[in-house]
Amino acid sequence: MKSGSEKISFFRLNFGLVALINPHLTPKARIIIVSLMLVANQLYTNAPTMPLFMVHLTGAARWALSTSSSRYMSTKCHELLSHLPHAIELFGNIAPLSTFASEHFYKYCLKGFNAQLTNGFIETAVPRAILHSAIRREIKFRASTSLTQCIADFLKATPDMKPFEISWKHCIQQLNSDDVLEELSSYTYYATVTLSIGKLQSTYKKTKTFSDVFFAENSTGTHACYRFIATCVDGDNVRILAERIRPLRMSEEFPLMQKVANEMTRPGNTYAHNVLTQLKRFSGLIHGCPTGDREILPTSAVRGLGAYIMDGTNGYYVQINGGCVHH
1 MKSGSEKISF
11 FRLNFGLVAL
21 INPHLTPKAR
31 IIIVSLMLVA
41 NQLYTNAPTM
51 PLFMVHLTGA
61 ARWALSTSSS
71 RYMSTKCHEL
81 LSHLPHAIEL
91 FGNIAPLSTF
101 ASEHFYKYCL
111 KGFNAQLTNG
121 FIETAVPRAI
131 LHSAIRREIK
141 FRASTSLTQC
151 IADFLKATPD
161 MKPFEISWKH
171 CIQQLNSDDV
181 LEELSSYTYY
191 ATVTLSIGKL
201 QSTYKKTKTF
211 SDVFFAENST
221 GTHACYRFIA
231 TCVDGDNVRI
241 LAERIRPLRM
251 SEEFPLMQKV
261 ANEMTRPGNT
271 YAHNVLTQLK
281 RFSGLIHGCP
291 TGDREILPTS
301 AVRGLGAYIM
311 DGTNGYYVQI
321 NGGCVHH
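The opening position of the sequence shown corresponds to residue 1 in full-length UniProt numbering, with each subsequent residue numbered one higher.
Please note that the accuracy of each hint is not assured.
[As the list claims (entries may be wrong)] Once the Cα atoms are required to be at most 27 Å apart in a straight line, the calculated DSSO-like pairs of lysine-lysine come out as: (1) K7 with K28; (2) K7 with K280; (3) K162 with K140; (4) K208 with K169; (5) K199 with K169; (6) K259 with K280; (7) K156 with K169; (8) K280 with K28; (9) K7 with K76; (10) K169 with K205; (11) K28 with K76; (12) K199 with K7; (13) K140 with K156.
[What the hints assert, rightly or not] Across the chosen pairs, the derived CB separations fall in these ranges: (14) P23 with S196: 35 to 41 Å; (15) T291 with K259: 25 to 31 Å; (16) A134 with K162: 17 to 23 Å; (17) L175 with S300: 22 to 28 Å; (18) D178 with T145: 38 to 44 Å; (19) K169 with S219: 26 to 32 Å; (20) K259 with T313: 15 to 21 Å; (21) C324 with T299: 42 to 48 Å; (22) F15 with G221: 28 to 34 Å.
Calculated directly from the structure, the hints in this document are not laboratory data. Don't be surprised by glycine CBs; every beta carbon is placed ideally from N, CA and C.
Can you build the whole structure from these sequences, using the hints too?
Encoded structure:
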């Protein structure tokens, strides 16, 4: 792993999910890994959270790290755990701010800025950021609503700004009986779909696929987890057939974290309960199993791809993207 993005992804997915099922971690280690995993995943996914989500998680991680060893609380660690909640309160998700789908966007905004002379910083940096963002939005809007030859020629030179087009492949000849819905009888089914958020591939293409989990906002406005079954196409109408993955009863969720919260003494049990509460209420992570219920979703409802790790008959399903963070 060479880049910071690779290291963060390995931590928030591999380390984070294993910390939920590994019985050999110490209580403080579990609090640290789980709380920081939730913080990182929220920044990378923009999944809905409860109030004080960042405050409780960074507070728990700060307590566990500082009481374990003073060497853990470096300057960078202090900046993250002490100031991140306030920064997010002011600016929203700050993870995409320095990237903006362009690796050196922040350098453009700060061009000519002298860190020792702060006078005029806002007047210098903000107009560049606003202008840069507004131009990109306007070009994409015109490309999708009123494409002219001039804009088409410009997009040829800047392909990254072209509106994304959904594609699908691997036609399904016959659905299993469990997957057949009457309202989709006139549709053609495909086992793979490529969305702007990533690619989904069902078991109709590969029996042991690991690319079939995603998170979406359903018709009730709930941020939910699904198993991808097929892309359904009828002319210009494209829909997704999926199986709902529902969480277990709250009393059965995250048993190892529940054990830590029950067995620690003060003040550790308070921090552990805070982490457990946010863990259960974070819609970007589910401890549950497929239900057999089929739902039909528009492609625009998809919010991010998912990953999972099984623990017996149930699994831990986590959203892995959705925030506009450049890699």
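Query - Earlier hints that do not hold, by number - result: Result: hint 21 breaks, nothing else.
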